[in-house]
Amino acid sequence: MEQVDFSLVNWSRAQFALTAMYHYLFVPLTLGLSFIIAFMETHYVRTGDPEWKRITKFWMTLFAINFAIGVATGLILEFEFGTNWSNYSWFVGDIFGAPLAIEGIMAFFLESTFFAVMFFGWNKVSKKFHLISTWLVAIGSNLSALWILVANAWMQHPAGMKFNPDTARNEMANFWEVLFSPVAINKFFHTVTSAYVLSSVFVIGVSAWFLLKHREILFAKKSIIVASVFGLFASFLIIITGDGSARNMAKYQPMKFAAMENIYTGQQNAPLAVIGFLQKSHADTLINKQDFTFKVEIPSLLSIMAFQDASAYVPGIDDIVNGNKQHNIMSYKERSEKGKVSIMSLAEYNNAKKAGNDSIANAALAKFEDNYAHFGYGYYANRDVNELVPNIPLTFYSFRIMVGLGLHFIALFIVILILTRKNKIENKRFILYTALWSIPLAYIASELGWVVAEVGRQPWVIQDILPTIAAVSQINTASVQITFWIFFIIFSGLLIAEIKIMASQIKKGPETESK
Amino acid sequence: MFETFQYITLQQYWWIIVSLLGAFLVFLMFVQGGQTIIYTLGKSEDERTILVNLLGRKWEITFTTLVTFGGAFFASFPLFYSTSFGGAYWVWMLILIAFVVQAVSYEYRKKPNNLFGHRFYEILLYVNGLLGTILIGTAVATFFTGSQFSVNKMNLTLLTGNKMPIISEWTGVAHGLEAAFNIQNLALGLTVFFLARVLATLYFMNRVNNTEIIYRIKKQLLFNAIPFVIFFLTFTIWLMLSKGFAVNPATKEVFLEPYKYLHNLIAMPIVAALFVVGVALVLLGIILPIMCFEKCHTKGIWASGIGTILTVFSLFLLAGFNNTAYYPSTYNLQSSLTIENSSSSLYTLKIMSYVSLLVPIVIAYTWYAWRSIDSKKIDIEEIKTESHVY
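Heads up: the protein sequence lines correspond to chains A and B, in order.
Note that our numbering has the first sequence beginning at 1, numbered continuously upward.
Note that our numbering has the second sequence beginning at 1001, numbered continuously upward.
Derived from the structure by calculation, the hints contain no laboratory data.
Among the clues, some could well be false.
Each pair of labels, with its calculated beta carbon distance range [claimed, not checked]:
1. Pro440(A) with Val1359(B): 40 to 46 Å
2. Thr1040(B) with Lys508(A): 56 to 62 Å
3. Thr265(A) with Tyr1354(B): 47 to 53 Å
4. Leu1357(B) with Ile444(A): 38 to 44 Å
5. Arg1119(B) with Lys251(A): 54 to 60 Å
With a straight-line Cα cutoff of 25 Å, these simulated SDA-like cross-link-like pairs (lysine to any residue) come out [said to hold, decoys possible]:
6. Lys1153(B) with Asp5(A)
7. Lys338(A) with Asp358(A)
8. Lys1376(B) with Gln1220(B)
9. Lys428(A) with Leu212(A)
10. Lys338(A) with Lys1153(B)
11. Lys1153(B) with Pro165(A)
12. Lys127(A) with Gln1220(B)
13. Lys367(A) with Gln1220(B)
14. Lys428(A) with Ile418(A)
Ideal Cβ positions, reconstructed from N, Cα and C, are used throughout, including at glycine.
Please construct the entire structure, taking both the sequences and the accompanying hints into account.
Here is the structure:
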């Protein structure tokens, strides 16, 4: 494997990143707005107040515009696992395929069937049936998120499986371990609650625009109250699940954690750099090492965050790459040697089985299993192990901007809720403008969350088991480049169209007559 | 319940489920067929609005079936996913692109300020209808004609030399597009295209309340039924007369067997019955509105729809059952995929089988929801009362 086609690997990664990032521009609004609409319609059905029906219908129109492009971008992602990552599809398809199929059967049909009732059933079905349909769309959307996030969490922390040397793949051994892995549970709640925050910011921002224009005052205030309560509730859950994410990361993906915090040398009582600026030292030969040029730290907080213990040792990038015997950390070089033994033993096992030599096969199998935890590192046996270090500045800054924006949204929800309840919001133009301009910030925070999760785990497609260089399909690079640019053009065109249509519908405002 | 099932039984059960999903997908592609005749049937803006809205209220179910078909194939036969999607890259990418552009077109078509104008989105719908049907038909035809690839799972252990550790290697020159230049594949592609248009005309007959459109639909039904029958017969006759990819049940060796698919039909009388009844129902659905339009024009979609599902289902069973390689390799016969060598593990198939028990519930609520909103035929007045219009 001396000749890895890096341009193919990188273009395949770029294409996946492009489609995932475009897809995630639309998903969070679907996840959160569906619930906000369901709350609003529930209020309409309970009170019979036609104003709530008007409010529900307005947000529903925006929901539909966003939903369509979310569906379009999502289709590509499912199939890209096969088209661009064919080795991956076989190597872990036995586990990874199941959540995708369950997502289709359990969530997509629910979503798409009741979506039709939600939009075309106003005059055809009873109020209660319509309301149930709206709730089912919300539940369907969020169920879909559950299954795809279970799949993603499994890539970050593979659980509930066993490698079968006869089929050369990982096979599911315990479905419940896959579904209820701590990483999966935490990831689901962290992601959907962040989507609820984005949706709340969106509703508040759009409502703020109406207040700035002195239009639809009652509509805007009612929408703000629903969204800010929902957003505040979601924000508190984000803090809890964010804390869980950090602990899971420190435990299962220490390199990602070290990169996110830019800790080069591990330490006890590790401080958290709340703010920091990084610069690469020219004297340094290590490709990924970054120095702090400025930082504001809170002592011991990182140790607490990672291990709930102020004196806990947090390993740094150097410890993980070069090993640290005192803290029982094996170097990457050692791991890649063990990984190579594992890979070679698999080949030996297979040859011995073919030749009918059971004793050699059994010995090779034992050696393979002893070293399987390092399997993926074997592909780096003849390579520079620094390739196993992710992009530090991107991970570091993304995390800080995401957290900073999250705190900004909490403050916004509290301030805007209080001002609306006190009936003073209309005159607070600065707050209203802040709310309006927070809409793009919510999208930035949302995307950056995925940058931390996905860039930070590079080069692993499956943590420690399968790197990108061994997962990619064998296609010529030019084909991937062409499809990359086709998707870029299509998605960008559709995104611009979507924004224009959204803006136009918002300017139009809710229908004046309720039907 | 599934705990006692043998591995081969579950593999066959999942092939049946995938086949059923494929069959429903082909039936639901009446949406794609309809998208290619919007301008043929609708001469005024109002008429086109009726047609687009009729299709627009169903497009998502076709889309969802496609996604679930992909997910179910991945979960139950991951080696197919890995080999075909990673190899026949361009065919699948073009199919995906065709469906991506469809997803937004209904929603954006009539919205003000939609950047490209409504004609643009109608063109996208046409592209989806044309490419989506022909390419899916072409791709499915390779289940019988074969593709050029090799599979070696131990390639994973390649750590030295110039080769990357790729399990499935595609040797077809155009990464899947070569399939579209094979006459037999193209015959099935065009069969699916014209069948989708036939089903669309029958669907419109059942749902449209507009005499001008209905008059044009009658003509279009015949115009599309003739090429459909010609291409279908071409493909079927060729299929029955050609060599097929048989598997020796004892040694698992793949070899070419003359008249294999005809033999499969004879060896599996239930499949043969499904095929014959399916074809008869498709034809009945076409003939009914032609012979007794006044009384029968709403019934054609039921006969042809059920017929399509039965026919496509039986074709999938012909491809995968009775010791047949369902995804054959013409480059290296022994790399051909069978339901045994490409499936998920026993444990995963059991888990997935429990999940499959949800399918009847899905069908039941879909049926109930559709009936709730589709109780009356559609005309422009009905659409004008709606707050959500495509």
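Checked hints:
Separation of Pro440(A) from Val1359(B) is about 42 Å and conforms to the stated range, judged on CB atoms against 40 to 46 Å. Taking 56 to 62 Å as the suggested C-beta distance range, the pair Thr1040(B) and Lys508(A) does not conform, at roughly 33 Å. Between Thr265(A) and Tyr1354(B), the C-beta spacing of about 50 Å keeps the proposed range 47 to 53 Å intact. Distance hint check: the CB atoms of Leu1357(B) and Ile444(A) are about 43 Å apart, consistent with the given range 38 to 44 Å.
Checked against the given bound of 54 to 60 Å, the beta carbons of Arg1119(B) and Lys251(A), roughly 56 Å apart, stay inside it. Between Lys1153(B) and Asp5(A) the alpha-carbon distance is near 20 Å, which keeps this suggested pair within the 25 Å criterion. Distance check on the hinted pair: Lys338(A) and Asp358(A) sit about 23 Å apart at the alpha-carbon level, within 25 Å; holds. A C-alpha spacing of about 23 Å is found between Lys1376(B) and Gln1220(B), which places the hinted pair at or below 25 Å, so the restraint holds.
A threshold of 25 Å between alpha carbons decides the hint, and for Lys428(A) with Leu212(A) the separation of about 9 Å falls inside it, so the pair holds. For the hint pairing Lys338(A) with Lys1153(B), the CA-to-CA distance comes to about 21 Å; that is within 25 Å, so the pair holds. A hinted pair counts as satisfied when its Cα atoms are at most 25 Å apart, and Lys1153(B) with Pro165(A) qualifies at roughly 10 Å. Proposed proximity of Lys127(A) and Gln1220(B) is contradicted: the alpha carbons are some 40 Å apart, above 25 Å.
Between Lys367(A) and Gln1220(B) the CA atoms are separated by roughly 68 Å; this puts the pair beyond 25 Å, and the hint is violated. With a C-alpha separation of about 12 Å, the suggested pairing of Lys428(A) with Ile418(A) holds against the 25 Å cut-off.
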